[in-house]
Amino acid sequence: MYVFLFLKNNFSVVLFLFRSVEHTDGQSVLTDSLWRRYSEFELLRNYLLVYYPHIVVPPLPEKRAEFVWHKLSADNMDPDFVERRRIGLENFLLRIASHPILCRDKIFYLFLTQEGNWKETVNETGFQLKADSRLKALNATFRVKNPDKRFTDLKHYSDELQSVISHLLRVRARVADRLYGVYKVHGNYGRVFSEWSAIEKEMGDGLQSAGHHMDVYASSIDDILEDEEHYADQLKEYLFYAEALRAVCRKHELMQYDLEMAAQDLASKKQQCEELATGTVRTFSLKGMTTKLFGQETPEQREARIKVLEEQINEGEQQLKSKNLEGREFVKNAWADIERFKEQKNRDLKEALISYAVMQISIRLHLVWTNSYLCLSEL
Amino acid sequence: MAGGPKALPSTGPHSLRDMPHPLAGSSSEEAVGGDSTPSPDLLMARSFGDKDLILPNGGTPAGTSSPASSSSLLNRLQLDDDIDGETRDLFVIVDDPKKHVCTMETYITYRITTKSTRVEFDLPEYSVRRRYQDFDWLRSKLEESQPTHLIPPLPEKFVVKGVVDRFSEEFVETRRKALDKFLKRITDHPVLSFNEHFNVFLTAKDLNAYKKQGIALLTRMGESVKHVTGGYKLRTRPLEFAAIGDYLDTFALKLGTIDRIAQRIIKEEIEYLVELREYGPVYSTWSALEGELAEPLEGVSACIGNCSTALEELTDDMTEDFLPVLREYILYSDSMKSVLKKRDQVQAEYEAKLEAVALRKEDRPKVPADVEKCQDRMECFNADLKADMERWQNNKRQDFRQLLMGMADKNIQYYEKCLMAWESIIPLLQEKQEAK
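Protein sequences, first through last, are from chains W and P.
Quick note: the first sequence, position 107, residue 107 per the numbering used here, numbers continuous.
For any residue, its number in the numbering used here is found by taking its place in the second sequence, counting from 1, and adding 1000.
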């Protein structure tokens, strides 16, 4: 599938899709363009997060410019920033489209095809409620008794990754800032060499030429730093991806906790039931308390209670069984996606590092200096 | 080598040449190699107790003319003067700085090695040790005795203590190069190189004793210019000298600007370096978290480290080699402007006296002797200065060519080091991980 995004104006992003869909009869379908706002992208993502908790969902590009160095304004309307955002959104859609599971999602399909009412369609799924509870749960603190080591390690890794990439981006921004300063000050040479050449006879031409080269050198920094921003964007994507990874781990923790609570609850109910049946009171129960206070219950009452408990225990056992199953499914699917993600991450970051190195090499500014060297030898 | 101070006939500067040279025994010492330099204390003891060097006592041989003081001869010498090494007969090198720690002070001396076939030197080779104040002394003596010539500058005298460590290797080396340049410029000068003070500086075992004698070996011109009254004011500077003055003003201004820019660049580069030194290690930290990416990330970290080192070398070179030369030329042009002013004074006196004669309306059209003397003085001064300016322009061109090319070269080297660092990790990054 092919996705191209264009800008409409500063407030929206045009979604212009050339979508090639392979039908069974081998026909390709091209669709018209659609307009989508950034908030709709966010809605799509939130939906995916709720319905695919075991997937490491691709992240959106940053809403506001972070990790900027001084020349780049933190202005969201800055054309360079908007352009980079556009690329980021394009990338987001491509990631989903190339994901084996996410690409088949109906809502995603509609995002690409349904002009109007898409928002309503999403809301009709009732995902909002789930989204709220999910958010709440993710932020809650709780302790799992038997954590899965693989997930705790992974969560730890995602935290560390976020931390190290943030640090890297911060320092990189400072490095860019300083490098800019170095280049720009060299530009000052241009004028003074030119002025000096005016009072010289034989040296004049050489100095003039050298001055010119200093100007060229100084102005070359803008392109260099533009290329560097692209590298920073690639790192940022994985900074946000780390968060998505963490979310999967948290989800697992949540499920585990839920399971443990359910098991605990079931065990307690079984205990209660047993006590009622045998007449021994070992566990505290409100009923037991009130019985003590207000008098013994009749055998019929007791029978009724046992019956209720037995029903609850049955239900509880069913639930626990399905939760266990759910849990195992989650772990299986999540782990499959995590493996897929790991390979993608390694591939992508290696590529990013290679192009970063290539970019450093292609800054063949030593050629500028060589030129200046040659013309100075004419002095 | 006679013991005890002898009184030799006072025939002026030539008397030195008649003496057996005290270093005769040690002149075979090569300039390079063998650390046979006596220890500081021994050196001191030797200087003071040295009875070998006998100085002429007595006054200034005011009327003595040394061969090169005549302007006409000077002009001829300059025309024939080959800057080729082939016709050179005097070589001077400054090297081997040594620190001397004494009770009263600590200072550095430099070894001066001289090789010459000139008759003015008794021996073919000399090796002496001198400190900065000796160079300073030499320069004042040259200014005094050769006022019509442009005397090369010395590196800055005063160093703000605490800001710069005047015993650091870098500072001493920078100074040594500047002092070497100073002596070489004098060596290359057809008049200055024959100056008696210069000769003594290069050859005398005990320079302090010679200094104490306070010998003013003024050349004819030196003597003459010394007596120029400073009271006269010049109406207009002749065009050619005005042009030189203007040129020097602008030149010094531009150099000052370049100096400031260069300093600013070095400052910015150092700040950039600080950030780079933090940037590299973060990749290492990241590498520790990863499996397959560990090696590539570590590689990037090392690469950035190499670039940082290369940058540090660049900033050091700029500080040590580029800035001092700029500053030297600024000092040079300042001292040159003083010489121009002196020339103005000479001309002013002449013009005033000439005018006075004209006003006297005497029958004798003959110009009095003292006015003639003034004219002669002025013409010699102009000739000396013009010749020196031309020489200065040529040398300046060569010096700046070398300086600016050196700067470009250093930058090229820096970029090449960075290029190599990045190129070397590409294969590492592209390496396929073996299936684990």
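Just so you know, these hints were derived from the structure itself, not from any lab.
Any given hint might turn out to be false.
[To be verified] Some chain W residues flagged as far from chain P (calculated, every beta-carbon gap over 10 angstroms):
1) N46
2) L94
3) K119
4) T121
5) V144
6) V171
7) R174
8) D177
9) E195
10) E202
11) F341
[Unchecked claim] Dumping the calculated DSSO-like pairs for lysine-lysine here, alpha-carbon to alpha-carbon at most 27 angstroms:
12) K1337/P x K201/W
13) K1417/P x K350/W
14) K1233/P x K1205/P
15) K1341/P x K201/W
16) K1177/P x K184/W
17) K201/W x K1267/P
18) K184/W x K1337/P
19) K1157/P x K1233/P
20) K1157/P x K201/W
21) K201/W x K1386/P
22) K184/W x K1267/P
[To be verified] Okay, the calculated bits of chain P under chain W, using three or more residues with CB under 8 angstroms as the criterion:
23) 1244 to 1252
24) 1261 to 1273
25) 1295 to 1305
Ideal Cβ placement from N, Cα and C applies to all residues, glycine included.
- Mind checking the alpha carbons of K1157/P and K1233/P for me, to see if they're no more than 27 angstroms apart? Since the Cα atoms of K1157/P and K1233/P sit roughly 32 angstroms apart, the hinted pair is violated (cutoff 27 angstroms).
- Closest CB of chain P to the CB of K119/W still more than 10 angstroms away: Answer for K119/W: holds, closest chain P Cβ roughly 40 angstroms.
- Message: Holds or violated: K1341/P and K201/W, Cα atoms, limit 27 angstroms.
- Response: 24 angstroms, holds
- Task: Evaluate the condition: distance from the CB of E202/W to the nearest CB of chain P exceeds 10 angstroms.
- Result: 6 angstroms, violated
- Is it correct that the beta-carbon of V171/W has no partner in chain P closer than or equal to 10 angstroms? Contrary to the label, V171/W does not stay out of reach of chain P, its closest Cβ about 5 angstroms off (not over 10 angstroms).
- Claimed clearance of chain P by R174/W, with the beta carbon kept past 10 angstroms: About 5 angstroms separates R174/W from the closest Cβ of chain P, which leaves it inside 10 angstroms; violated.
- Query: Are there at least three residues in the segment 1261 to 1273 of chain P whose beta carbon sits under 8 angstroms from a beta carbon of chain W?
  - Reply: holds (count 7)
- Minimum Cβ separation between D177/W and chain P greater than 10 angstroms? At roughly 8 angstroms from the nearest Cβ of chain P, D177/W sits no farther out than 10 angstroms, so the non-interface label is violated.
- Find the nearest Cβ of chain P to the Cβ of F341/W and say whether that gap is larger than 10 angstroms. 13 angstroms, holds
- Task: With 10 angstroms as the threshold, tell me whether N46/W passes as away from chain P on beta-carbon distances.
- Result: 29 angstroms, holds
- Are there three or more residues in the segment 1244 to 1252 of chain P whose C-beta lies closer than 8 angstroms to some C-beta of chain W? It holds, with 3 qualifying residues against the three required.
- Message: Checking one constraint from the list: CA of K1417/P to CA of K350/W, max 27 angstroms. Satisfied?
- Response: 23 angstroms, holds
Of the hints listed earlier, those the structure fails to meet are numbers 6, 7, 8, 9, 10, 14, 16, 17, 18, 19 and 20, in rising order.
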